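K.L.:
If you're matching them up, the sequences are chains V and A in order.
Mapping of the first sequence onto my numbering: residues 545 to 1174, in sequence order.
Mapping of the second sequence onto my numbering: residues 680 to 879, in sequence order.
I should point out that these hints are in silico values taken from the structure, not numbers from a laboratory.
All values derive from a computational prediction rather than experimental measurement.
Heads up, the beta-carbon is just placed ideally off N, CA and C, and yes, glycines get one too.
Some hints could be false.
When the alpha-carbon atoms are kept at most 27 Å apart in a straight line, the in silico DSS-like pairs for lysine-lysine are as follows [what the hints assert, rightly or not]:
1) V:K573 - V:K658
2) V:K825 - A:K720
3) V:K579 - V:K596
4) V:K1126 - V:K1142
5) A:K764 - V:K1109
6) A:K776 - A:K694
7) V:K910 - V:K573
8) V:K865 - V:K735
9) V:K719 - V:K735
10) V:K939 - V:K1085
11) A:K694 - V:K1109
12) V:K910 - V:K947
13) V:K757 - V:K825
14) V:K998 - V:K1126
15) V:K735 - A:K764
16) V:K947 - V:K1078
17) V:K1089 - V:K1126
18) A:K764 - V:K821
19) V:K1078 - V:K1142
20) A:K720 - V:K821
21) A:K694 - V:K735
22) A:K764 - V:K886
23) V:K886 - V:K751
24) A:K818 - A:K764
If the Cβ cut is set under 7 Å, some of the chain A residues that face chain V in the computed set are [said to hold, decoys possible]:
25) C708
26) S768
27) K817
28) G839
Below are the chains, spelled out letter by letter.
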Amino acid sequence: MVDAARQPLVDVRAFTEVEKVEGFVGNFKVTLREKAKYILADRCNGCGDCAKVCPIEVPNYFEMNLAPRKAAYVPMSQSVPLIYSIDMDACIHCYKCVDACGPLEAIDFSQEDKFVEEDIGAIVVATGFGHFDPSVMEEYGYGRFPNVITSMEMERLNNSAGPTAGNLIRPSDHKNPKRMAFINCVGSRDKRYNPSCSNFCCMYSIKNAVLVKQMNPDVDISIYYIDIRTPSKGYEEFYDRAREMGIHFIQGRPSMITEDEETHNLFIHSEDVLLGKVIEKEYDMVMLNQAAIPQPDQNHMSSVLNVAQSPGGWFMEYHPKLRPMDSPTDGIFFAGACQGPKDIPSSVAQGSAAASRASRILQSEKWEIEPTVAVVWPERCSATTRGRACGICAKACPYGAIKITSPEFPAEVITAKCHGCGACVAECPEDAITQLHYTDAQLLAQMRALLADKPEEKILAFRCHWCSYGGADLAGTSHFEYSANERGMRVMCSARMDTDFIYEAFRLGAGAVLYSGCHPQDCHYITGQLIGAKRADRLAKIFSKMEMTEGRFRVEWISAAEGDKYARVLNEMQNVLDNIPKQDLIDEIERLKPDMLKRLKNFPGVPGVAEAMDYTETLMGAIQVQKEPA
Amino acid sequence: MNHTESANSFAEEVKTIPGGEFVELCYSCGTCVSKCMIQEKIDPEYNPRRLLRMVMMEMRDESYESPTTWLCSSCDLCYQACPQKIHISGVITAVKKIAVEHGSKTQLKTAVVDQQTCVACGLCVEACPYEAITLVRKKVPYRGELQVAQVDPGLCMACGLCSAVCRSTSIRIPDTFEDAELMEDLWNWLQPQESASNGY
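Extracted from the complex, chain A is given alone in its bound form (with noise of 0.2 Å):
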């Protein structure tokens, strides 16, 4: 940990991202992190008052390596909760961002584009959520130069909307909810189920 003491520190940089301004209101009261339901579900170790108090602290390298920087999805079930009103996926956004231009690569096994099928109809830009997926013009092989739809790592989150919009099934997130375990999945599902002992 190095207490840097110049004008550009973490918490400086954060805070001129939109969303990353409220930073230093966070009294580290927990709120946030008994909400989140990554925390409850994927990860124990997921935490963002302490990924906020890193930042206040200037931690910076322990920040880009946090899983919490990488695996938000910005429900913002915390930013409903929180009583200091701070924007906290807006916050770990702008801790994402700085985190890839500083070259860090996200630990989320982001959507892969196949480009000898893309037909570029932009579906996949359009149910985004995070915006991760632009239109580039590109050479590909056996294809020649043309459009082919182009994940931005930094961005995507991994949630496979784009896979389930694409026609062509060109776009995927590799190795999870891949088509065939989903439609697995949904067939188990669509069996008679006994009745729910738990009440749901």
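Isolated chain V, as found in the complex (with noise of 0.2 Å):
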């Protein structure tokens, strides 16, 4: 951290927080909010004069609030930049520190939060992780029994930097634990509060559980756990290491702690799994290896920054296996654990990767970009033709890439800014935004080309790129049979998924249409899917409403893991279709075919639409001639 700091390129701004990012790809503008340390960074010297005459003592944060810290304050000996700052909310104003400072007069009473605006070109988010609040499980006692400590709390007391310089005492009496315990997936592995494992508990407290024992070898120290996992390289070495030392390991997760009310000592239940027998062993100390889980303020980050969150609260990646520290949203990355918990090398890997993708951008004059980008028609936007932008593209753009300065102009893509998820396109009620290579026309070509022969005993599928498109794909690879009448059209984002396609698809005869793409925890572009999956479920109701056979028009969230998901879906469509006698479908599709219409009225006006449609007649009139003297 001091090197850090030392480098002539780096700037550190502590106690900063990011207010708004706005911007794209290499030209991000920053607001950030410098709080007021009442100190002023270019005096101060660190001396800690301030702190020494301070007269207030409030808990210390850092050390967990097993120390006391003064109101004119750094958190550690070792704070990168060494500036003391006042605590507003503890200081009386004595003004003891000003004196003490004397003619550095680094001490200013009249500071206020600084907002400042930075132009970045990416930006790389490392906010780490937070953690579980044991006192919530009560069967554990903690906060209600003195020697039940979580693990941070263990950190500091057996640090000899810590409060008690490394002295390892017991909060009840401050004796030595003779023996200790310590209990894993406290609030993790867990569905009532966390169903996830958090990564590296188990090497954490056997970590613990060395030191503790290398300071003290005549500690008894037992882990409770439900499995061991040391995964990474050396890692089973360290738990055979642990072993050897006479640390006790006992598979079973424990019930329940009591507390001998005079002594303090502590009591845990569990069953030993091994033994088959429950056992009830007494200790001096408990200490909690509690959940990581994400930080408290991760919410307003995530919106902050426009990035999605994982199931669990994590930020999201762009590819859990190929772009792990790439967000969504070009020129920002993760690092460390605010992507999900992981251990130091792993965090080290990840921040080094997202620095170096990072410095690609900065490197760069030009940046590539994804094809498809939405394009607008002007001269068909509602700000053109009524004078009035309706602004509808605007608020489904996951990622914020449309603008509309005022209601009189046109909406405007800003290209670096898109994805192209198309959400904006099949949104627009003007048909006034075409994606480039997923046209209206293009798209429209596909599916009359699909639904060339026979329409009735197709299964049209929309399957979005990532997930579903995936989905099929492997249900391929994997050999899982279905229906051979399933006809697959690919658009990248669920949110593409058009009315004017499900209609036309209806249409022209049709038999079923598959509505499919990503779990909503999936979707690659933030909340494409939640805006493809609304206009599903309007669908559905306007197709229940025309009494259409049900199960003609599905809806299902299929991932790129889910082949068999697949394979099923269309099994039970095909199913659905067979079901209904030929004559009945047929006579079905006639008397929806007008309603279809009817709904389909502006979309011959969508420019190339038309002239596809000609095109695509010709193409059919030949494919069916081709067929006949067969």
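Starting from two chains that each stand alone, build the complex the way the hints lay out.
P.N.:
Here it is, written out as structure tokens:
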């Protein structure tokens, strides 16, 4: 940290919050709130005289509230930059610090929060993780029993720079504990709190046990675990070493901790799963290895940075295997546990990868993006036709890439910010936006070709590029059998699946239509799936009002790993079609055609669509002619 | 132990019964076992975790004989503690149901009805938390055909609630918690106690 701060090209802004992030890759405008320290950074030399004279003591958060600090403070002596600040919530304005500071005159009680705007090329997010509060798990008694501590408290108690100078004592009577237990998976792997595994706690509790054992070899240590997970290099060997040192590993998740009211000793009730017997053992001190959870303000940061969150609340990466350090927004990268709990080597590796990704942007004059961006036809936008931009596209865009400066001017796409989901294209009521390489005309031509022959037997499946297309692919490579009547159409996101396409498919006489995309938490376009899902719901309602046979229009969210689901859904849809007598199906298609046509009244006016219709008409004619002699 | 691969495996069968659905989520952490009062007070061999494991490992006969199948009172202390949110008593009830269908008999002394005095008032039917009692019409010696209460031994958990609510003392749990025994306990309990030394 000190090294980093000494680097001339590194600018450390401590005590500063990110307020707002605008712009796009290479051209971010970031508003920072430099919080008032009430001590001038350029004058403070870190001597600490102000803290010495300060009469106020408050719990020190950095020491897990196990030690006090003054109202004029630095959180720890190795702070970088070493500049004191005054905690105004605690300060009583005695001004003793002003006198102590003397000729330096570094203390300024009139300071206020300062907003600064910076031009930023790329952003690396490394906000880390938060800690699960075990006091909600009443069975472990954290907060009620003084000698039940968390792993973070343990970390301070066992640290030579900590409040006890490394002398491990238990809180109730300040004696050195002789029997200690560490409990793993407190709040993690627990569906009541956090279903996921926190990744590093097994190693972490073994590390703490080894440290304690090294300092005091006569301490008896037990680690209660569900499974011990030591998957990285050298970890299993470390686990072996801990067992050789005489640390006991007990497989069994404790169900309860009780306390002796007089001695404050603790009793852990658990099953020793390997023995198949319930055991109750007495300890002097118990450490709870609490779960790693997202930072408390992770949701806020997610909206400031406009990056999505995975289930559980962590920031969502662009691709879990191939691009774990990239965010879905170009120019924003993740390092460390803000993207998911991870240990130090993985965090360092991800951080280095993020830094190199970021420097690629800083080094380049031009930045390549996917070519499937949205383009506005300004003459069709309601700003031109009716004098007022409706703004639906801007609202739909998950990236804020559509700019409407004033209602009189047509919407504009900021190409560098556009990721090509097509939400705006499908949402635009005027059909005034198109997506390059996925234009309405192109998709229509595909659709007509697919439904050219015996459309009533076909199942037209709209699949999103990232998930359900991959799911269909997996169903194929895994040789899962599914209906041969399926005809797949790829679009980038379920948000692009225009209502017009679905109406047109049914107008052309499609037997059934599948509307499929990612699960909401997997969407590669932040909120694209939500837009698609909303539209699908609306369509389903319309079709049920039209009294279309249930199951002819189906909405399913299928991930790239769910090949079996894709096959099953398709087979179920085939079943639906098989159960409708053929004549009934044809009658229904004919009955609904005028309805569909009515809803498609704007569609032929979309640039290119009329031509595509003409062209495909000829094409279909040709297909029919070719078929007849056979 | 036999490893049957058929679709009608034991685990599949348990999963089809409401309550037994999530048996396979169990990762054997043992929380349920150390939480269980029956394990603590009645039978140290009682082990819900092991029963769930037996279901997963297709150990049909062993689980029919296991005391865990028969002694669970569905207090659901384990359900609240289970980190996988498995309704363990639901799984046990499902196993019990299958065991009864296969002709296994409960290891408990279940409630018996004295048909000579039962008046079919239905109080016990309402009181039973396990829905083990029904009113049936049948021929009773000396009384002719009439309605009496009948206990399903596969569902009865021998809690004795029926015996407590019965106004004609026609239903009882044989040999355990008989009225006379309970009255004596109650009498002893009502005598002046020495001050509780253990704080309770």
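K.L.:
A separate judgement is required for each hint: does it hold in the structure or not?
P.N.:
Outcome of the hint check:
Distance restraint check for K573 of chain V and K658 of chain V: the Cα-Cα separation of roughly 16 Å lies within the 27 Å cut-off, and the hinted pair is therefore satisfied. For a cut-off of 27 Å, the pair hint linking K825 of chain V to K720 of chain A stands: about 18 Å separates their Cα positions. Only pairs whose Cα atoms come within 27 Å are accepted, and K579 of chain V paired with K596 of chain V is accepted, the gap being roughly 23 Å. Taking the CA atoms of K1126 of chain V and K1142 of chain V, the gap is near 25 Å; set against the 27 Å cutoff, the hint holds.
Using a Cα cut-off of 27 Å, the hinted pair K764 of chain A and K1109 of chain V holds, with the two alpha carbons roughly 25 Å apart. At most 27 Å may separate the alpha-carbon atoms for a hinted pair to count; K776 of chain A and K694 of chain A meet this at roughly 12 Å. Among the hinted pairs, K910 of chain V with K573 of chain V is consistent with the structure: their alpha-carbon atoms are about 18 Å apart, no more than 27 Å. Taken as a hint, the K865 of chain V and K735 of chain V pair is honoured in the structure, with Cα atoms around 25 Å apart against an allowance of 27 Å.
The straight-line distance between the Cα atoms of K719 of chain V and K735 of chain V is roughly 36 Å, outside the 27 Å bound, and the hint therefore fails. The hinted pair formed by K939 of chain V and K1085 of chain V meets the criterion: a straight-line CA distance of about 23 Å does not exceed 27 Å. With a C-alpha separation of about 20 Å, the suggested pairing of K694 of chain A with K1109 of chain V holds against the 27 Å cut-off. Taking the CA atoms of K910 of chain V and K947 of chain V, the gap is near 22 Å; set against the 27 Å cutoff, the hint holds.
The hinted pair formed by K757 of chain V and K825 of chain V meets the criterion: a straight-line CA distance of about 19 Å does not exceed 27 Å. Restraint check for K998 of chain V and K1126 of chain V: satisfied, since their Cα atoms lie roughly 12 Å apart, inside the 27 Å limit. A distance of roughly 6 Å separates the Cα atoms of K735 of chain V and K764 of chain A; the hinted pair therefore holds under the 27 Å criterion. Taking the CA atoms of K947 of chain V and K1078 of chain V, the gap is near 23 Å; set against the 27 Å cutoff, the hint holds.
As the CA atoms of K1089 of chain V and K1126 of chain V are separated by approximately 22 Å, the hinted pair is consistent with the 27 Å bound. This hinted pair checks out: K764 of chain A and K821 of chain V have alpha carbons roughly 22 Å apart, not beyond 27 Å. Taking the CA atoms of K1078 of chain V and K1142 of chain V, the gap is about 22 Å. The hint holds against a cut of 27 Å. For the given pair, K720 of chain A sits about 14 Å from K821 of chain V by alpha-carbon distance, which is consistent with the 27 Å threshold.
Using a Cα cut-off of 27 Å, the hinted pair K694 of chain A and K735 of chain V holds, with the two alpha carbons roughly 20 Å apart. This hinted pair checks out: K764 of chain A and K886 of chain V have alpha carbons roughly 26 Å apart, not beyond 27 Å. A distance of roughly 16 Å separates the Cα atoms of K886 of chain V and K751 of chain V; the hinted pair therefore holds under the 27 Å criterion. The hinted pair formed by K818 of chain A and K764 of chain A fails the criterion: a straight-line CA distance of about 47 Å is larger than 27 Å.
Interface hint status for C708 of chain A: upheld, as the beta-carbon distance to the closest one in chain V is roughly 4 Å, under 7 Å. Proximity of S768 of chain A to chain V is violated relative to the hint, the smallest CB-CB distance being about 16 Å (cut-off 7 Å). Look at K817 of chain A: its Cβ only gets to about 45 Å from chain V, farther than 7 Å, so that hint breaks. Contact between G839 of chain A and chain V, as hinted, is not supported at the beta carbon level, the nearest pair being about 26 Å apart and thus beyond 7 Å.
Taken one by one, the earlier hints fail for this structure at numbers 9, 24, 26, 27, 28, listed in ascending order.
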